[in-house]
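Asker: The task is simple: from the sequences and hints, build the whole structure.
Protein chains in written order, with my numbering: chain A, 923 to 1030; chain B, 43 to 355.
Hints in this document: simulated from the structure, not taken from any laboratory. Note that the structure is predicted; figures quoted are calculated from it, not measured. Any given hint could be a false lead.
Unchecked claim - Here are the simulated PhoX-like cross-link-like pairs (lysine-lysine), alpha carbons at most 25 Å apart as the crow flies:
{"#": "1", "chain 1": "A", "residue 1": "K991", "chain 2": "A", "residue 2": "K1009"}
{"#": "2", "chain 1": "B", "residue 1": "K171", "chain 2": "A", "residue 2": "K991"}
{"#": "3", "chain 1": "A", "residue 1": "K940", "chain 2": "A", "residue 2": "K974"}
{"#": "4", "chain 1": "A", "residue 1": "K974", "chain 2": "A", "residue 2": "K1023"}
{"#": "5", "chain 1": "A", "residue 1": "K1023", "chain 2": "B", "residue 2": "K171"}
{"#": "6", "chain 1": "A", "residue 1": "K1023", "chain 2": "A", "residue 2": "K1009"}
{"#": "7", "chain 1": "B", "residue 1": "K185", "chain 2": "B", "residue 2": "K210"}
{"#": "8", "chain 1": "B", "residue 1": "K70", "chain 2": "B", "residue 2": "K307"}
{"#": "9", "chain 1": "B", "residue 1": "K70", "chain 2": "B", "residue 2": "K114"}
{"#": "10", "chain 1": "B", "residue 1": "K171", "chain 2": "B", "residue 2": "K210"}
{"#": "11", "chain 1": "B", "residue 1": "K171", "chain 2": "A", "residue 2": "K1022"}
{"#": "12", "chain 1": "B", "residue 1": "K118", "chain 2": "A", "residue 2": "K1022"}
{"#": "13", "chain 1": "A", "residue 1": "K991", "chain 2": "B", "residue 2": "K210"}
{"#": "14", "chain 1": "B", "residue 1": "K307", "chain 2": "B", "residue 2": "K118"}
{"#": "15", "chain 1": "B", "residue 1": "K70", "chain 2": "B", "residue 2": "K118"}
{"#": "16", "chain 1": "A", "residue 1": "K1022", "chain 2": "A", "residue 2": "K940"}
{"#": "17", "chain 1": "B", "residue 1": "K307", "chain 2": "B", "residue 2": "K322"}
{"#": "18", "chain 1": "B", "residue 1": "K171", "chain 2": "A", "residue 2": "K1009"}
{"#": "19", "chain 1": "B", "residue 1": "K171", "chain 2": "B", "residue 2": "K185"}
{"#": "20", "chain 1": "B", "residue 1": "K185", "chain 2": "A", "residue 2": "K991"}
{"#": "21", "chain 1": "B", "residue 1": "K118", "chain 2": "B", "residue 2": "K44"}
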Amino acid sequence: MAEVREVTDATFDSDVVKNDLPTLVDFWAPWCGPCRMVAPVVQELSEDYAGKVNFVKMNTDENPQVPTKFGIRSIPTLMIFRGGELKGTIVGFRPKSDLKKRIDEALV
Amino acid sequence: MKTLDIAIIGGGGAGLTAAIYASRGMRKTAVFERLGAGGQIATTDVVENFPGFPEGINGFDLAQLLQRQAEKFGAKVIQESVTSLSPAEHGGFVLETEAGAYTARAVVVTAGADYNHLGVPGEAEFVGKGVSYCATCDGAFFKDQDVIVVGGGDAALDEAEFLTRYVKSVRIVHRRHELRASAINQQRAFSNPKIRFDWDTVVERIEGSSSVERVLLRNLVTGETREQPVGGVFVFIGQAPNNGLLNGLVALDAGGHAIVDLEMKTSVPGLFVAGDLRTKAARQLISACGDGATAAIAAEHYLAAHPANTSAK
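Answerer: In structure tokens:
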């Protein structure tokens, strides 16, 4: 069972934009309660979609550039990238079934 | 179909406390939670008024402790959302979730309440782009900006106070001329130099291009409207009970809260409602937990008086 990997402003391009797999980024911060609630769900999803979708997380406290670039003003925010393009944005903690639906939509 | 003795719908303070009591009573207990354990407390920065924590405790951490305590005695927390609840043919109840169906001999509904929306133009459009319902989650994105908080209760004042750690100024926009918040919160807000009040005022519209840039405010006394430049709008205007599962099943009051007796019994035998979803005066974590304990004890008495009908399994 792989841990959801941490990406940074410096590695975002290589880990997310240039990734061959569709990639879901979980934008979070340690002080955000709902972020801590969504983390285990993202972990489960990373197992459900193993080999099909790459799952990473970014600490918005330590990495200001990428969140600013994408205009993130609320966390948790999940963003799904495919072929370097933003395919879906989910603001706030949603039930797992909703998240699955949104990921599946972004994969089509 | 999976069978339970006691099904608890909602994993906030009321539900997790009910689960502690029900599982300690050796009843096969499950808590259904659509998101994560804790409900409203999980997003609270510091819980200062829960007995036993004189220094206060982070809401998420407290939620984790409650869940651990319930699981220690055998309760299961199931992350599924219950889509329907109905009385079963031979007694007990049938619960359907998006993932399956369960039967339970008794049910405690602790589905709580969700925050209200303003319902003004621009609100839905700018969620995540300047409109927020959680200052502890989003406050840090508004460093050195001017923001408004809408509301006049404890939640509004708590969150305004929290926001002053980051923002340049907070205007509290409140439709009345006095606050509902507790005296200590009022005192803190009035003495905070970063907090100002717009009394008798409502938000009419939220505007901006890619994110919130201004709001249109209207004074209810003078009728005057004015534009206020702001980077963020934080909304804390009370809650609406999550009564969807109860509609048509039990009696609700005018506000949509379930009417129960002192033991949290509804008009349907074996069905209990506890916490923010029921008619009550205090909507506090401690009273929700108290309700949960009361409901679980009443459910336990109900099960003892109505032994399992093995043929119904």
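Asker: Next, verify each hint and record whether it holds.
Answerer: Going down the list of hints, with the structure as the test:
1. A:K991 - A:K1009: 15 Å, holds
2. B:K171 - A:K991: 13 Å, holds
3. A:K940 - A:K974: 15 Å, holds
4. A:K974 - A:K1023: 15 Å, holds
5. A:K1023 - B:K171: Holds, at about 23 Å.
6. A:K1023 - A:K1009: Holds: K1023 (chain A) and K1009 (chain A) sit about 13 Å apart, inside 25 Å.
7. B:K185 - B:K210: With Cα atoms ~7 Å apart, K185 (chain B) and K210 (chain B) stay inside 25 Å; holds.
8. B:K70 - B:K307: 20 Å, holds
9. B:K70 - B:K114: It holds: about 13 Å lies between the C-alpha atoms, which stays within 25 Å.
10. B:K171 - B:K210: 18 Å, holds
11. B:K171 - A:K1022: Holds - the C-alpha atoms of K1022 (chain A) and K171 (chain B) are around 23 Å apart, at most 25 Å.
12. B:K118 - A:K1022: 23 Å, holds
13. A:K991 - B:K210: 22 Å, holds
14. B:K307 - B:K118: 23 Å, holds
15. B:K70 - B:K118: 9 Å, holds
16. A:K1022 - A:K940: 23 Å, holds
17. B:K307 - B:K322: Holds. K307 (chain B) to K322 (chain B) sits at ~14 Å (cutoff 25 Å).
18. B:K171 - A:K1009: OK: K171 (chain B) and K1009 (chain A) at ~18 Å, within 25 Å.
19. B:K171 - B:K185: 14 Å, holds
20. B:K185 - A:K991: Roughly 16 Å separates the two Cα atoms, so the pair holds.
21. B:K118 - B:K44: 13 Å, holds
Of the hints listed earlier, there is not a single one the structure fails to meet.
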